[in-house]
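Trainee: Below, each chain spelled out in residue letters.
2 protein chains.
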Amino acid sequence: MEVPVTIDLEVEGGHILTLDEQSTEWMSGTVCISGNRIVFIGNPADRPSSFVTRETIDASGKIVMPTFFNCHTHAAMSIFRGLANDLSLELWLNNYIWPAEKRNVSRETVFLGTLISAMEMIKSGTSAFADMYFFQEDVARASEQCGIRVILGEALFDFPTPGTGTPEGSLAYTRSLHQRFTNHPLISVAVTTHAPYTCSPEVIRMAAELSEELGIPANIHLAETKDETETIQKRYGKSPTRYLYDLGFLTSRTVCNHGIYLSDEDVELIRQTGASIVTAVNSNMKLGSGICRVQELLQKGVNVAIGTDGAASNNNQSVLRELQQVGRIEKAYHEDPAVISASRLLSMATINGAKAYGRGNQLGSLKTGKMADLMIINPDQPHWYPRYDPVSSIAYSMQSEDVESVIINGRIVMRNRELTLVDEKKYLHEMRRLVLR
Amino acid sequence: MEVPVTIDLEVEGGHILTLDEQSTEWMSGTVCISGNRIVFIGNPADRPSSFVTRETIDASGKIVMPTFFNCHTHAAMSIFRGLANDLSLELWLNNYIWPAEKRNVSRETVFLGTLISAMEMIKSGTSAFADMYFFQEDVARASEQCGIRVILGEALFDFPTPGTGTPEGSLAYTRSLHQRFTNHPLISVAVTTHAPYTCSPEVIRMAAELSEELGIPANIHLAETKDETETIQKRYGKSPTRYLYDLGFLTSRTVCNHGIYLSDEDVELIRQTGASIVTAVNSNMKLGSGICRVQELLQKGVNVAIGTDGAASNNNQSVLRELQQVGRIEKAYHEDPAVISASRLLSMATINGAKAYGRGNQLGSLKTGKMADLMIINPDQPHWYPRYDPVSSIAYSMQSEDVESVIINGRIVMRNRELTLVDEKKYLHEMRRLVLR
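Keeping their order, the protein sequence lines are chains A and B. Heads up: the first sequence runs through residues 3 to 439, numbered per our numbering. Heads up: the second sequence runs through residues 3 to 439, numbered per our numbering.
For reference, chain A alone in the conformation it holds in the complex (with noise of 0.2 Å):
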């Protein structure tokens, strides 16, 4: 006799993209989860007998796939989106976001930009994020809340930041934060390294010593400036990147946020250690930061994933934005159509941001035996119509809002628009108050 296998949900109808390495379709196909886990993916003819399911989507005329990961933000940023654009990047960090920072930034207000920004994400398609900020235990409250999964750290600078105070008070607490959330479904921990030109030789080697013993990821801003690039040479006589990767700090394990100015050299090292580099287009075009050659590092061989950056620079949280920029700024760098493709655009925000983080055997596309990440669209818009290859309307016509709903490790985190663990009304109210005061 058969047993049984019970299936909690099961997302059934849709156009299903699995993303996978093979590009899989099914025109009508269903998708079978039991806990957290993927346990059929195919024809409903297919599917085993001895499933009963307990709850169904229709997905009929939607479109199905895994959802964004989100590489590189600063979740709580969101507190000064919109404050003080359109201004010089020296007058805006001197004259409003560093007092803005230290005047606002407390675990009350971490805790709440980041939940602004988690349900912004989890709205446009992504279940899972890489913070670098202060407060990871309230970046963590957050998420949690949300049902989104995160991956953070207590960020390291040289001089005192708010919560810890010192490098060394940071790394504690983020050895302490990989203990409590070891085994936790939705939270890991990385070593949240700032950047070159502020973490100093001593923080670094520290940083990469401790990702080494833990086994985790390690993150860091990389060569986002000219400035940067400048101040580096003048002090070490070397490239961020060398940098870096004289101080042991570049291994599989690193992820390296932005890239945009990265020499032939720099690019070896990054492909030869298995590093991972992030772009943030969007914050890069509207700081005149420069632009990640995205391109020309996938060509290398270089694992390459999308990031937001944080909304105080974006001023958005949506991943989709990001890898349709990607694809029109390449085409537009390039003077060619033809140098990226729609399928590369959407594997860049999917099972490359996976892999950054180690986690491309469980997240970033859709398989059996993977983890339940994955989002239901709704094409029956205007701007969707024709649709002659969904994988061409996702890159270049669709919209963060036809994201229908939400499945983040078995959960269904947002059905028909509405979150469901999390109360958005009266967060919004809570920030609008926050604001006035």
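Some clues are possibly wrong.
Identical copies go unnamed one by one, so any copy, or any two together, can satisfy a pair.
[Claimed, not checked] Keeping only pairs whose Cα atoms sit at most 16 Å apart, straight-line, the calculated EDC-like set for lysine to aspartate or glutamate is:
#, residue 1, residue 2
1, Lys228, Asp338
2, Lys228, Glu27
3, Lys427, Asp382
4, Lys228, Glu337
5, Lys428, Asp382
6, Lys240, Asp229
7, Lys302, Glu270
8, Lys302, Glu14
9, Lys369, Asp22
The set of hints was computed from the structure by calculation and includes no laboratory data.
Use these hints to put chain B onto chain A, whose structure you have.
Mentor: Chain B only, in chain A's frame:
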């Protein structure tokens, strides 16, 4: 005794951005509409006591602003949206778009394609578009059905075209369209000339003469690609701009689309004649054609407005996405976040568009006496929080779907995301059937 004045529609309580010359705002204002005109705008307390309001829309907590002007598109080309992207321009045109046009462009498909684009435009806050394509009576029919303004004219080419067949035929047809639509509340006519490389000096001259005789705008693709510039240089020994200038085509009634490859002399000719430039940045990026130097043109005193181009190359019909992209690309190109401001971007998408088509005194900003074209935006989404300055939020954070209601010529054409005059589902269904055929 006071004579009562009937107010057909009042939009009350919203944060009103008039986008007039003084950037006048009311935090909680009212717009009173009688027939197709704005008859009062300001504080509700200052509304004349003689007003008798028939219908009120409560816009509390919302943003009210002028609708967008899409100065360049080929609306019917939505039928080719997403058809074979990621190819070189030559392959794409020769192997896909041109054969597809040959087989599929008919009165029926132009009607349907235009409808789909018009629906997308309204749903993203656009109230007027300038079209360049064939079978323009059917473009008129589709636009009328949606209640959107259109500036149309049969596209002129040297070679045979669908519909009228010859340039003389297209000119005669344009003349008859002008007669037919004189005094139409929504439809007006322009002499729609394809490009310097597809129109002989005779055709350009005839177009210029018709534009002058009827006192109507003339529009054209200009300096969109390097190839075009080289072709015209070889053929006539001058730049495409100088070619048009020498034929008397450039006047204050002329609208030049794209304007990417312009020398200093070309820009000076455009400035002197008072012609406008329309940038279509997302299409240009996606096709790898190059980038219009918007800020330099504005600084030299040229009127620069915004167009989406057709959905085959963009692949959207949202002016909002274009104005946002102009901001990012200018900041990226100049490596200077201060190079262009949010309010400048909004002007380009509204009043500059109206000016380009000689309608600056009737459209493009909210003012007593101007036509009642406005939109209500719902900012109650995480990506709008917080909101230090709504103009900045629109330029850097807003999504097209945040447009909640649209009023064109005093009539509500979209209410709470539902189109009021056209059966959206029916036509999306017809488009699906057309593609299957």
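Trainee: Each hint should be assessed against the structure and marked as holding or not.
Mentor: Right, here's what the structure says about each hint:
In this assembly of identical chains, Lys228 and Asp338 lie within 16 Å of each other by CA distance solely across copies; the values are 13 Å between and 26 Å within a copy. In this assembly of identical chains, Lys228 and Glu27 lie within 16 Å of each other by CA distance neither inside one copy nor across copies; the values are 43 Å within and 39 Å between. Proximity of Lys427 to Asp382 under the C-alpha cut-off of 16 Å is restricted to the inter-copy arrangement: shortest distance 8 Å between copies versus 26 Å within a copy. Taking the shortest Cα distances, Lys228 and Glu337 sit within 16 Å of each other only across copies (10 Å), while inside one copy they are farther apart (24 Å).
With identical chains, the CA atoms of Lys428 and Asp382 are at most 16 Å apart between copies only, with a shortest distance of 12 Å across copies and 30 Å within one. Proximity of Lys240 to Asp229 under the C-alpha cut-off of 16 Å is restricted to the intra-copy arrangement: shortest distance 14 Å within a copy versus 42 Å between copies. In this homomeric assembly, Lys302 and Glu270 come within 16 Å of each other (Cα to Cα) only inside a single copy, at 8 Å, whereas the closest approach across copies is 44 Å. Proximity of Lys302 to Glu14 under the C-alpha cut-off of 16 Å is found in neither arrangement, the shortest distances being 39 Å within a copy and 58 Å between copies.
In this assembly of identical chains, the alpha carbons of Lys369 and Asp22 lie at most 16 Å apart only when taken from the same copy (7 Å versus 55 Å across copies).
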